[in-house]
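Modelling step: build the complete structure from the supplied sequences, incorporating the hints.
If you want the building blocks of each chain, they are given just below.
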Amino acid sequence: MKASEISEIFNGELTGDGNTVITGVGKIESAGKNDITFISNPLYEKYYHTTSAGAVLVSKEFKLDTTRTDLTTIRVQDPYTSFISLIEIFEKENETEETGISSNCYIGENPVIDEDVFIDEFVKVGSNCRIGNKTKIKSNCSIGNNVTIGNNCVIEPNVTIFKGCVIGNNVIIHSGTVIGSDGFGFAHQTDGSFRKIPQKGIVVIDDDVEIGSNCCIDRATLGETRICKRVKIDNQVQIAHNVFIDEDTVIVAQAGISGSTRIGKRCMIAGQAGLVGHLTICDDVIIGAASGVSKSITKPGTYTGYRSKPIKEDLKQEVLIRQLEELKDLVKKKKD
Amino acid sequence: MKASEISEIFNGELTGDGNTVITGVGKIESAGKNDITFISNPLYEKYYHTTSAGAVLVSKEFKLDTTRTDLTTIRVQDPYTSFISLIEIFEKENETEETGISSNCYIGENPVIDEDVFIDEFVKVGSNCRIGNKTKIKSNCSIGNNVTIGNNCVIEPNVTIFKGCVIGNNVIIHSGTVIGSDGFGFAHQTDGSFRKIPQKGIVVIDDDVEIGSNCCIDRATLGETRICKRVKIDNQVQIAHNVFIDEDTVIVAQAGISGSTRIGKRCMIAGQAGLVGHLTICDDVIIGAASGVSKSITKPGTYTGYRSKPIKEDLKQEVLIRQLEELKDLVKKKKD
Amino acid sequence: MKASEISEIFNGELTGDGNTVITGVGKIESAGKNDITFISNPLYEKYYHTTSAGAVLVSKEFKLDTTRTDLTTIRVQDPYTSFISLIEIFEKENETEETGISSNCYIGENPVIDEDVFIDEFVKVGSNCRIGNKTKIKSNCSIGNNVTIGNNCVIEPNVTIFKGCVIGNNVIIHSGTVIGSDGFGFAHQTDGSFRKIPQKGIVVIDDDVEIGSNCCIDRATLGETRICKRVKIDNQVQIAHNVFIDEDTVIVAQAGISGSTRIGKRCMIAGQAGLVGHLTICDDVIIGAASGVSKSITKPGTYTGYRSKPIKEDLKQEVLIRQLEELKDLVKKKKD
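Sequence order for the protein chains is G, Z and H. Under my numbering, the residues of the first sequence are numbered 1 to 336, in order. Under my numbering, the residues of the second sequence are numbered 1 to 336, in order. Under my numbering, the residues of the third sequence are numbered 1 to 336, in order.
In case anyone wonders, no lab produced these hints; they're calculated from the structure. Quick caveat: nothing in here was measured; it's all calculated off a predicted structure. Do not rely on the hints blindly, as some may be mistaken.
Which copy is meant is left open, so a pair is good if it fits within one copy or across any two.
[Said to hold, decoys possible] Once the Cα atoms are required to be at most 25 Å apart in a straight line, the calculated DSS-like pairs of lysine-lysine come out as: (1) Lys312 / Lys328; (2) Lys92 / Lys27; (3) Lys136 / Lys196; (4) Lys312 / Lys332; (5) Lys27 / Lys63; (6) Lys92 / Lys33; (7) Lys295 / Lys312; (8) Lys46 / Lys60; (9) Lys163 / Lys27.
See the structure below:
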């Protein structure tokens, strides 16, 4: 693509050689002659003088360096968002689409498989499954009986989806993730042993959800574990049975949500955070990294600390702890 | 099944229509006309007036609502336990058993495979393996050489069991779990580099153990890593080499046990807890969620906190920290 | 092998019967008549009097028990290192090497596969992959397009390596690990929703790296996520996009490193530790178990605590917290 064509896509303002040929994208530090890059964060402006890129997207306010006559500059409304779009455009140009159903996969009885589906090597699909238009199931996945997967989904290699689970449209599930394995439920018997409580519910994952690698989302005991629209989940996250995660919530790597807890809309659960079971977290809550939540939260805001508290309280407490030596010295000076 | 037949199974006392046809189980909030549900926790008694279930199991003491003539009520000794049994009964009625050995699996030399074994698509079983009666190995599992698996086990999809490991009877291993991979052992060399210590031991898992999804249980350096009878392990738990977990202990999601640590009988290690290596934890110990244990424990009881302590001490310390501001104010008022 | 032959390998000094036949290695507590064992840690010297082993490696300074005429003793420079070498020697004697390419695997177009490569059942290898001399890819692995794997690597079962990633020589990747899945990157849109940022970079893993089971190492957004030479990573570790881990660093189980963080040479990140994104950790830093790091570290040393600090400060603070009750009592006694 020519730099001038890129400028046109984003309604940009081009300075330099519009005929520069761009074939890919790159980081400003390492991009080459046929790459386009971008400057959004002022910390990266210094690279403007040294980058080897062929072209760079900058903001309308960016001050050009007139000595860089070799570098084509395109002013756009939002350089970062434009750059993301360019990544997607070049990705489509460079990739050959995988389609079709491998002769080395196994598909059970009564499948309902839409158009342009891709099922890769060594995938097992159980009986009575429905797989939507343009969905891709990568190698070595195991899909149980009666599973429904919507349109435009990507199920990466080595994923397991157990019987009866329902996956919406445009869902991405990364490698090694397990959807719908048994919840951890045992009834303590009078002789001290544990009896397994059968886990008969399902997992429902709504449209536009993305789930990272090696996550676990357990099926409900009865009813459903639910991941609502546009939720984004990072790697190695544990979601126990009967949890409900409302729309647009983000859960970062290695966090764990215990059974039957409900999380509101637009929450952000940071990495390694842990929530005990049967809580209700309201909308617009941020839980800090490695924070432990043992009580329901009814007020939006940020909660942090080993025993989570509103961030203001937590930081105040931290300051008081750091002043302990000072306080001790002060006490010593006081009259007996 | 008729409601009257269910009542007979549990020696119950039926009120209402014994001919109500029950075909499944449901949560009291969402059960339908042909579902049976239960009330055990008083918090759910309110739903008795509104449930759409066809029948409900209640305790002998439960006070009936005479206006609910449409709802068949069965008084039983223990509604929860009876309900679990019903789940199992309906599960058996509704499921078709999988049996047989797929033509798309691979089985090495000298297999000893009992009756009614199920080996699913794309399973690799190494040489000299023994697989017991009625055991099921689901799709895409990898079983190494010389592995022994007992009777009535379920090995869910994408599980790896490495060479020489021994699995007892009635063991359930959920998806993505790795049994018997190398322990993390390196000898620091004089040049500062690390030399891998060969991990030559095995993992032994005794009868009636259940292990969650995406867990790791490493093989011993020499000897064995051992999970004793009836231990229950949740998802994403890490168990290092040469660990010993004694009978009836429960380990909740994302907990980690470091190398050579021994955990006693009937312990409960809560979610995200971490134990350092070479510890001994006595019987009947509870470790709180996200608690860190760095010393052996010789007295039964509950231990909590970032640096775990007996719960009483930990809570006392937490109260003192919360009173720090108050204490600071008090100090200021004291005479210089 | 005879005990005398073992003694010769390590230039040892043999006491007892040099003709004792040794066929394997064992722990001193449980070794049998044809096993050799070792004593390095003085805690294990007591077993010298009771072990059933056929031979034992001890240090030059070890005091022999003249009553144990049945036990052949070999004095060597470093009993532990010699023992590790013996484990490797017996391992080679007892194992049959797996080689060849299974007829049940799938290999894409234009493969470049060196000599003595082993590709096991149900492995998918994408197009344009290079696999080096003597490398083994175990069952049910999924290798994407354009992946390069060096010589002498072992890729254990159920591993996923995504397109374009580059693996060096002598690399071991344990089961269930995912290399090169998408980083967790979303651009917050003005309507409150998230737009996926395409993850176009790769993962590069240098020579002599070992990575545990069920780990996740995400591909870079642009450029590369890099694991440098001789890094050792335990199970269930999360490494986010664009992270850089320098040579000889060790990362213990369940630790998590957030995006774009750089870790220096010879660091030790203990189990369950967490590092936030965009940090720089200098060489020779130790991060304690379950410690949270939210700021860059510029001085070598040990850092511990929920909010990590230099260990001295952290322990001092812990002592002050434990003395809080005492302090409170002292304050009460002071004059108003």
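The hints, checked one at a time:
no.	hint	result
1	Lys312 / Lys328	both (24 Å within a copy, 18 Å between copies)
2	Lys92 / Lys27	within (19 Å within a copy, 47 Å between copies)
3	Lys136 / Lys196	between (35 Å within a copy, 18 Å between copies)
4	Lys312 / Lys332	between (30 Å within a copy, 23 Å between copies)
5	Lys27 / Lys63	within (20 Å within a copy, 64 Å between copies)
6	Lys92 / Lys33	within (21 Å within a copy, 51 Å between copies)
7	Lys295 / Lys312	both (18 Å within a copy, 19 Å between copies)
8	Lys46 / Lys60	within (17 Å within a copy, 62 Å between copies)
9	Lys163 / Lys27	between (43 Å within a copy, 19 Å between copies)
Going through the hint list in order, the structure satisfies each hint without exception.
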